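Trainee: As they're listed, the protein sequences go chains A and B. Quick note: the first sequence uses the UniProt record's numbering, first residue 1, plus one each step. Quick note: the second sequence uses the UniProt record's numbering, first residue 1, plus one each step.
Rather than coming from a laboratory, the hints here were simulated on the basis of the structure. Small disclaimer: the values here were computed from a predicted structure and weren't measured. Some hints here could point you the wrong way.
In the DMTMM-like style, the derived pairs of lysine to aspartate or glutamate whose C-alpha atoms are separated by at most 25 angstroms in a straight line are [said to hold, decoys possible]:
(1) K170/A to E295/B
(2) K337/A to E40/B
(3) K119/A to E291/B
(4) K155/B to E305/A
(5) K342/B to E40/A
(6) K272/B to E174/A
(7) K342/A to D30/B
(8) K155/B to E29/A
(9) K155/B to D30/A
(10) K33/A to E291/B
(11) K33/A to E29/B
(12) K33/B to E174/A
(13) K242/A to E174/B
(14) K337/B to E393/A
(15) K272/A to E174/B
(16) K119/B to D30/A
(17) K221/A to D30/B
(18) K337/B to D257/A
(19) K337/A to D30/B
Interface residues of chain B toward chain A, partial, derived using beta-carbon atoms under 8 angstroms [said to hold, decoys possible]:
(20) L31
(21) I138
(22) T296
All C-beta atoms in this analysis are idealised placements derived from N, C-alpha and C, irrespective of residue type, glycine included.
2 protein chains.
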Amino acid sequence: MEKQTIKLGLLGFGTVGTGVVRIIQAHQEDLQKQTGLGIEITKILVQDAEKSRNIVAMEGKLTTNPADILEDPEIEVVVEVIGGIHPAKDFILGALERGKHVVTANKDLMALHGAEILKKAQEKGCDVFYEASVAGGIPILRALVEGFSSDRITKMMGIVNGTTNYILSKMSQEGAEYADVLKEAQALGYAEANPTSDVEGYDAARKMAILATLGFRVPMKLEDVDVKGISGVSKEDIAYGKQLGYEVKLLGLARRDAEAIEVSVQPTMIPKSHPLASVNGVFNAVYVHGEAVGETMFYGPGAGELPTATAVVSDLVTVVKNRKLGVNGRGMVAPYKEKILKDDSQKLSKYFLRIVVADKRGVLAQITQLLADKNISLEQVIQQPYNNDKEAEIIMITHLSSKSDMDGVLAYMEQMDIVTKVKSCYRVEGGEQK
Amino acid sequence: MEKQTIKLGLLGFGTVGTGVVRIIQAHQEDLQKQTGLGIEITKILVQDAEKSRNIVAMEGKLTTNPADILEDPEIEVVVEVIGGIHPAKDFILGALERGKHVVTANKDLMALHGAEILKKAQEKGCDVFYEASVAGGIPILRALVEGFSSDRITKMMGIVNGTTNYILSKMSQEGAEYADVLKEAQALGYAEANPTSDVEGYDAARKMAILATLGFRVPMKLEDVDVKGISGVSKEDIAYGKQLGYEVKLLGLARRDAEAIEVSVQPTMIPKSHPLASVNGVFNAVYVHGEAVGETMFYGPGAGELPTATAVVSDLVTVVKNRKLGVNGRGMVAPYKEKILKDDSQKLSKYFLRIVVADKRGVLAQITQLLADKNISLEQVIQQPYNNDKEAEIIMITHLSSKSDMDGVLAYMEQMDIVTKVKSCYRVEGGEQK
Chain A
1 MEKQTIKLGL LGFGTVGTGV VRIIQAHQED LQKQTGLGIE ITKILVQDAE KSRNIVAMEG
61 KLTTNPADIL EDPEIEVVVE VIGGIHPAKD FILGALERGK HVVTANKDLM ALHGAEILKK
121 AQEKGCDVFY EASVAGGIPI LRALVEGFSS DRITKMMGIV NGTTNYILSK MSQEGAEYAD
181 VLKEAQALGY AEANPTSDVE GYDAARKMAI LATLGFRVPM KLEDVDVKGI SGVSKEDIAY
241 GKQLGYEVKL LGLARRDAEA IEVSVQPTMI PKSHPLASVN GVFNAVYVHG EAVGETMFYG
301 PGAGELPTAT AVVSDLVTVV KNRKLGVNGR GMVAPYKEKI LKDDSQKLSK YFLRIVVADK
361 RGVLAQITQL LADKNISLEQ VIQQPYNNDK EAEIIMITHL SSKSDMDGVL AYMEQMDIVT
421 KVKSCYRVEG GEQK
Chain B
1 MEKQTIKLGL LGFGTVGTGV VRIIQAHQED LQKQTGLGIE ITKILVQDAE KSRNIVAMEG
61 KLTTNPADIL EDPEIEVVVE VIGGIHPAKD FILGALERGK HVVTANKDLM ALHGAEILKK
121 AQEKGCDVFY EASVAGGIPI LRALVEGFSS DRITKMMGIV NGTTNYILSK MSQEGAEYAD
181 VLKEAQALGY AEANPTSDVE GYDAARKMAI LATLGFRVPM KLEDVDVKGI SGVSKEDIAY
241 GKQLGYEVKL LGLARRDAEA IEVSVQPTMI PKSHPLASVN GVFNAVYVHG EAVGETMFYG
301 PGAGELPTAT AVVSDLVTVV KNRKLGVNGR GMVAPYKEKI LKDDSQKLSK YFLRIVVADK
361 RGVLAQITQL LADKNISLEQ VIQQPYNNDK EAEIIMITHL SSKSDMDGVL AYMEQMDIVT
421 KVKSCYRVEG GEQK
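Here chain A stands alone, though its shape is the one from the complex (with noise of 0.2 angstroms):
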């Protein structure tokens, strides 16, 4: 007789591993229509299994030893909500080693050792699905693999991260400076008390790594991404922004132009009419472009207990129904493009432009002489007086331009004598040919 119940072993029970029980529970029944099979929660591995929880109904099952999930024939799938790289990349290995499924939502071990884990997967027959990894409750990476299967996608673009969405929405809302926000945030739990892989765009750059390897199946690796976070983001540039029709959102990048791939995470001005600028607050979007289907976005939550495991147990419940149809392991697109990224000659943008200059006549006419001399044009200028008589502020944004020229006028800028700061220079969204 066929088996009524699939044995789930939990590694780590914080916030997410917390959501995932309370969601089996509450949804038993829905699970077992929809795979005609129960989900039963053995073993959880936590720290420390004799602090209090509020969950019931878990006695007995805790466990401090991984070998007692890992090393149990009985338990066919393992969710990993531990997060990090140690030792949940070993856990995981060592699941898969034994035949066994693996549910995460690790962005960090997916971004970093996602080729390793998807092989050992393949040889093992064995499913690895991670869509809570990215976008927590959007569900993307289907979208990705499924949705976009006979399309060729050209561009991705995401506000990927809470945190920063949080506090430069907030900034824009309130003219408020970038450290006063985000202690709020770091008040309020949205900003963690080192803050650095958020403001700083690592984590943005770990998820555009791996939309950027299902978008385009390619292999993209972490240091594939050019990364730039918002701590340099003054309240000054959100306001000139405005003025010109843009918001600063920190914005993960992924383009192919022809086979040439580039990915990046760094502020950028989008123009108020994008369904991207009006992302607010902790939400978290996805762009896509497809050659066939067009523009499409997908919004949602991008973190927090309930939608991160909802996504983990979706997973789940594919994995349960690939069992029960007997597919294990043989649903996953590895990437099997070659991978080309682009140099920094083939990086086209607009560029918006704040620097600050020395009053004095024909100043304007040497720098604007300067980027027409590096192939740069125009789109909009502004010069306005600067905090003193003796100073102008120059704001320009430009026609598309080639980072390695841009890189080139900011290098050259930096030792004109007329030219006492540099002050900001973010990617202006749009202009491009799609």
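We have chain A; now place chain B onto it with these hints.
Mentor: Positioned in the frame of chain A, the structure of chain B alone reads:
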């Protein structure tokens, strides 16, 4: 030796059919890599085999005889892009009867006869997929069935008709009248010569019936959907809406409270801060609220040759993968919950109400007393002169009220001497408990 190619018959060679052929031709290599099988279009059913077409390499494959496809034992998958009920329904049932899998873009058919078609598919172990039938380029059906499989969806709201959204967006942006914008939309090909199905909400109602069936796992029928179109929406309604912080959209609503369900399509005032309020032009968007995931939204093109064709081909990829895995006909979630429809006393909404009244002392008091007597309290009221000196216009936004109470008030008002005319009454989004 396993077959290397799967043979496909295409029913219909109009806009979407042409797109399907284009995409299969352009992505043959990608499709092969994803599924391990080539896809060969063997025959195409057309009305006129002599008509000139701008797709080459299809000569000799055109037929005017459906039996050439339906009775060809080599053809394993039939793609139906004729549209309408007859003869599409007979073709699809005929294909299933002979064990062929079906992919269709036909919302009319799936909304009206989906249950019969899915039953036949189940009997025959065949796949039937219809992602393209709702919101063309947005993979929303997949998201509902798979992405949210572990969640409990409580509310879906959709801008699922591009024609009406184009008209309302234009009216809002330009302060234009309905009739003028409709004419312009017809000239541009965004509205049909006979626009009834779009502007009266029937097209959107079909899509909402499909969404509600999949999202709530309940067998919803088209006649379960309350429908009201946009032909009565005036530029004044839109202007007052804006003044009060709302945009008017033709909104599909599917809600469930406990197990009781309501599904409607009607002009609705949406707060400007809501992500649906900024979905403009022919774009579609579906907002989904799940108990665990919270708010999500899917945005994209709702129609068009390539977006719709992409959805068709993505379904085709799923059919081919399933066939390779030997699991066709087992992937569908048949509705398994009992259908419990709300009665009007259970349908709670805020309302926008615009009435013209005699401009006499005490009229506002009489109107507000009437509402109070019917359990309806007010959130905002504006009174102002109307056209001449003898009348006044009262614009109100109510707190939550039941549809039956509101219908009662409207009927009563029509009889009141002091009320010249009830100009408009729209549902206002917001204010309910989640």
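Trainee: Each hint should be assessed against the structure and marked as holding or not.
Mentor: Quick rundown of the hints versus the structure:
1. K170/A to E295/B: holds, 20 angstroms
2. K337/A to E40/B: holds, 23 angstroms
3. K119/A to E291/B: Roughly 35 angstroms separates the two Cα atoms, so the pair is violated.
4. K155/B to E305/A: Within the cut-off at roughly 20 angstroms; holds.
5. K342/B to E40/A: violated, 35 angstroms
6. K272/B to E174/A: At roughly 19 angstroms apart (the allowed maximum being 25 angstroms), E174/A and K272/B satisfy the hint.
7. K342/A to D30/B: Distance of about 22 angstroms is within 25 angstroms: holds.
8. K155/B to E29/A: holds, 20 angstroms
9. K155/B to D30/A: Holds. K155/B to D30/A sits at ~17 angstroms (cutoff 25 angstroms).
10. K33/A to E291/B: holds, 19 angstroms
11. K33/A to E29/B: violated, 38 angstroms
12. K33/B to E174/A: violated, 50 angstroms
13. K242/A to E174/B: holds, 23 angstroms
14. K337/B to E393/A: At roughly 65 angstroms apart (the allowed maximum being 25 angstroms), E393/A and K337/B break the hint.
15. K272/A to E174/B: OK: K272/A and E174/B at ~18 angstroms, within 25 angstroms.
16. K119/B to D30/A: holds, 21 angstroms
17. K221/A to D30/B: holds, 22 angstroms
18. K337/B to D257/A: Status violated; Cα separation ~48 angstroms.
19. K337/A to D30/B: holds, 10 angstroms
20. L31: holds, 7 angstroms
21. I138: holds, 6 angstroms
22. T296: holds, 3 angstroms
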